Amino acid sequence: MSMPLEHRLQILLDDERHRRITAAARERGVSVATVVREAIDRGIADPAGRRRSAGHRVLDAPDMPVPEPRELKDELDALRARRA
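All you need for my numbering is the position in the sequence shown, starting with 1, plus 9.
Bear in mind the hints are in silico, worked out from the structure with no lab data behind them. Quick caveat: nothing in here was measured; it's all calculated off a predicted structure. There may be inaccurate statements among the hints.
[As the list claims (entries may be wrong)] Ranges of calculated distance between the beta carbons of each label pair, as one might list FRET restraints:
{"#": "1", "residue 1": "R29", "residue 2": "E84", "range": "46 to 54 Å"}
{"#": "2", "residue 1": "A63", "residue 2": "T31", "range": "33 to 41 Å"}
{"#": "3", "residue 1": "M73", "residue 2": "A48", "range": "30 to 38 Å"}
Note that CB positions come from ideal geometry on N, CA and C, so glycine has one too.
Just need the whole structure built from these sequences, with the hints factored in.
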């Protein structure tokens, strides 16, 4: 995803976080900024992305047996009768 980068962010990190993020960037051959942006994308999903992701999970789910409509209605009626 290539969008124009228009906002600067400055954060302070303790030694351990700094070591982890620079090591991750070095291992992957990317900048620390790239690792931070990707962490934000993973940690704070936009609502449209969440809906899209949920839709993909539903569509990618394996098929499952579904009863005939009459059987479903009978099952629902039985469940409702138990709650009444």
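A quick look at each hint next to the structure:
no., hint, result
1, R29 - E84: 46 to 54 Å, "holds, 52 Å"
2, A63 - T31: 33 to 41 Å, "holds, 34 Å"
3, M73 - A48: 30 to 38 Å, "holds, 35 Å"
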